[in-house]
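Chain residues, written in single-letter form:
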Amino acid sequence: MTRELGFQDVAAAIERALPGAVVQSSANLVLVDSDKMAAVAKFLREAPGMEFDFLTSVSAVDYLDYFEVVYHLLSIKNNESTVIKTRAYSRDYPAVPSVVNVWQGADFQEREIFDLMGVIFTGHPNLKRIMLWEGFEGHPLRKDYIVVTPS
Amino acid sequence: MPIKTSPIIVNIGPHHPSTHGVFRMRVMFDGENIIDLEPVFGYLHRGTEKLAEERTYAQIITLTDRLDYLASMSNNLAYVVSVEKLLGVKAPERAMYIRVIMAELMRIASHLIGLGSFLNDLGALATPWMYMFREREKILDLCEMVCGARITYSYMRVGGVSMDLPPEFMGALRQFCDDFPHRIDEYEKLLRENEILISRTKGVAVLSAETAKNNSLSGPVLRASGVNWDLRKSDPYEIYDRLDFEVPIGQTGDTYDRFLVRLEELRQSLKIINQCVKDMPIGETRLKLPALIRPPKGDAYGHVEAPKGELGFYIVSDGTIAPYRLKIRAPSFINLTALREMTVGYKLADLIVVFGSIDVNMGEVDR
Numbered sequence: 006m007t008r009e010l011g012f013q014d015v016a017a018a019i020e021r022a023l024p025g026a027v028v029q030s031s032a033n034l035v036l037v038d039s040d041k042m043a044a045v046a047k048f049l050r051e052a053p054g055m056e057f058d059f060l061t062s063v064s065a066v067d068y069l070d071y072f073e074v075v076y077h078l079l080s081i082k083n084n085e086s087t088v089i090k091t092r093a094y095s096r097d098y099p100a101v102p103s104v105v106n107v108w109q110g111a112d113f114q115e116r117e118i119f120d121l122m123g124v125i126f127t128g129h130p131n132l133k134r135i136m137l138w139e140g141f142e143g144h145p146l147r148k149d150y151i152v153v154t155p156s
Numbered sequence: 448m449p450i451k452t453s454p455i456i457v458n459i460g461p462h463h464p465s466t467h468g469v470f471r472m473r474v475m476f477d478g479e480n481i482i483d484l485e486p487v488f489g490y491l492h493r494g495t496e497k498l499a500e501e502r503t504y505a506q507i508i509t510l511t512d513r514l515d516y517l518a519s520m521s522n523n524l525a526y527v528v529s530v531e532k533l534l535g536v537k538a539p540e541r542a543m544y545i546r547v548i549m550a551e552l553m554r555i556a557s558h559l560i561g562l563g564s565f566l567n568d569l570g571a572l573a574t575p576w577m578y579m580f581r582e583r584e585k586i587l588d589l590c591e592m593v594c595g596a597r598i599t600y601s602y603m604r605v606g607g608v609s610m611d612l613p614p615e616f617m618g619a620l621r622q623f624c625d626d627f628p629h630r631i632d633e634y635e636k637l638l639r640e641n642e643i644l645i646s647r648t649k650g651v652a653v654l655s656a657e658t659a660k661n662n663s664l665s666g667p668v669l670r671a672s673g674v675n676w677d678l679r680k681s682d683p684y685e686i687y688d689r690l691d692f693e694v695p696i697g698q699t700g701d702t703y704d705r706f707l708v709r710l711e712e713l714r715q716s717l718k719i720i721n722q723c724v725k726d727m728p729i730g731e732t733r734l735k736l737p738a739l740i741r742p743p744k745g746d747a748y749g750h751v752e753a754p755k756g757e758l759g760f761y762i763v764s765d766g767t768i769a770p771y772r773l774k775i776r777a778p779s780f781i782n783l784t785a786l787r788e789m790t791v792g793y794k795l796a797d798l799i800v801v802f803g804s805i806d807v808n809m810g811e812v813d814r
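Chains A and B supply the protein sequences, listed in that same order.
Everything in the first sequence is counted per the working numbering, starting at 6 for the first residue and increasing by one.
Everything in the second sequence is counted per the working numbering, starting at 448 for the first residue and increasing by one.
Do not rely on the hints blindly, as some may be mistaken.
Okay, derived cross-link-like pairs now, SDA-like style, lysine to any residue, Cα gap no bigger than 20 Å in a straight line [unchecked claim]: (1) B:K532 with A:G11; (2) B:K497 with A:P155; (3) B:K497 with A:R147; (4) B:K532 with A:T7; (5) A:K82 with B:P695; (6) B:K497 with A:K82; (7) B:K585 with B:G570.
Ranges of calculated distance between the beta carbons of each label pair, as one might list FRET restraints [to be verified]: (8) B:D726 with A:E9: 26 to 34 Å; (9) B:V694 with A:S95: 43 to 51 Å; (10) A:E139 with B:E479: 24 to 32 Å; (11) B:T574 with A:E139: 37 to 45 Å; (12) B:E591 with A:E51: 47 to 55 Å; (13) B:R597 with A:S95: 47 to 55 Å; (14) A:Y68 with B:R639: 47 to 55 Å.
Read the hints as simulated data drawn from the structure, not as lab findings.
Quick caveat, the model's predicted, so the values are computed rather than measured.
C-beta atoms are modelled at their ideal positions from N, C-alpha and C, and glycine is treated no differently.
Can you build the whole structure from these sequences, using the hints too?
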């Protein structure tokens, strides 16, 4: 059975290595400062006791006040998992550092989030639309996107 | 006098028989050698995640059918498992057994098409394809018996399955389980030592365990690279922890290993089905839940080992009858991340074979 690491333990470990990186932590949340996300990702991948070598999934949720990017991480070696969240508050230019350099598997997933949700992953080598065509206006998964039904 | 060549860009697809749907590869060639590749997709994008935000939890089951349409029941299962996790409920025993039987039948059906079309791409035109469709047909008949549909089943429900198995099902399933091992033997005899297959696939597009993990690959592609990771063993859901089966692992991670792992998984799935048939309890098949499910506020990520890899649903609930956000972690989509790395340096003819060995389904890639 995959053991889910305690969120408070993960938050404490991040805080020890990178002071100021954790914005908020509770029994079911580790919220990381978006500016420090790349450093946190590197730490989670390499630090002994963490060793999250597999990025299961990257998701983004639009809460209108902010965008939340959710990273589901897995350590195949230790059979442990955890979830890290980060937030981008701007609606015009919501930026989060890319983690492609840490986990190559983020490549298409970040492009998909950029395409459908409009979150900009700074440092991504090839950030362009992936599902929709070039020239498509808007980002359909945003909550304020107006769906125009052809009449 | 040496002949000079200059790189050219060739579009393979979107309408090309080997792309298994509508998939395009922009490939840069130097002569016949691939020097760069970019997968282009989205031709089948239907906005499933956006549609889900407008539907109730029960209605979304029909949307999941249309992801990997070769293994619809597995998609149903991944979704209902995720919603059950959000709700904190578990399906009755009998329902879990039925679900596992159906999920394993789907794995067999999906691998049969995966293998059949892979061999088709290799040039073994139509014969293995037809053999494997013959067996898949039997599975579709079984599914039709259970729920009346052959492709889009929508058989699973949150808290169970839509109805109990019909009386004639068990006999037909036993018949299938008796016949199928001989069929696998037949494939093995024809293919395993086949000289053309071996020379085209052995040592081609070797994927190291490290690269496979780094690219977030899952399913048979990951296991062929020697990584022992199968959610049915590593993070058992439903009743998999009670079942006795092995996880086939590849040695080198080449195209031949990906083929062998799928072939061996057919046997293991059959082994699981046989155990489920033997131990199947009697009882309820569905929990009594309200027609309009309102999960508590919060989020949950549920996942299962689908035929193509880890299929996960990340659901955010705001306490209403429809999810606030539903994100699908589609294995076929993420497995394509490594396509470039796998094919650069090989030839055009290898590209078709390597792509076939990843076994993607465009319905799931584009969603």
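Checked hints:
1. B:K532 with A:G11: holds (18 Å)
2. B:K497 with A:P155: holds (17 Å)
3. B:K497 with A:R147: holds (9 Å)
4. B:K532 with A:T7: Holds, because 15 Å separates the two Cα atoms, which is no more than 20 Å.
5. A:K82 with B:P695: The given pair, whose Cα atoms are some 18 Å apart, holds under the 20 Å limit.
6. B:K497 with A:K82: violated (35 Å)
7. B:K585 with B:G570: violated (26 Å)
8. B:D726 with A:E9: 26 to 34 Å: Holds, at about 29 Å.
9. B:V694 with A:S95: 43 to 51 Å: Given a distance of about 45 Å, which is inside 43 to 51 Å, the answer is holds.
10. A:E139 with B:E479: 24 to 32 Å: Holds, since E139 (chain A) and E479 (chain B) (Cβ atoms, about 30 Å apart) stay within the stated range.
11. B:T574 with A:E139: 37 to 45 Å: About 42 Å separates the Cβ atoms of T574 (chain B) and E139 (chain A), which means 37 to 45 Å holds.
12. B:E591 with A:E51: 47 to 55 Å: holds (51 Å)
13. B:R597 with A:S95: 47 to 55 Å: holds (49 Å)
14. A:Y68 with B:R639: 47 to 55 Å: holds (53 Å)
Comparing the model with each numbered hint stated earlier shows that hints 6, 7 do not hold.
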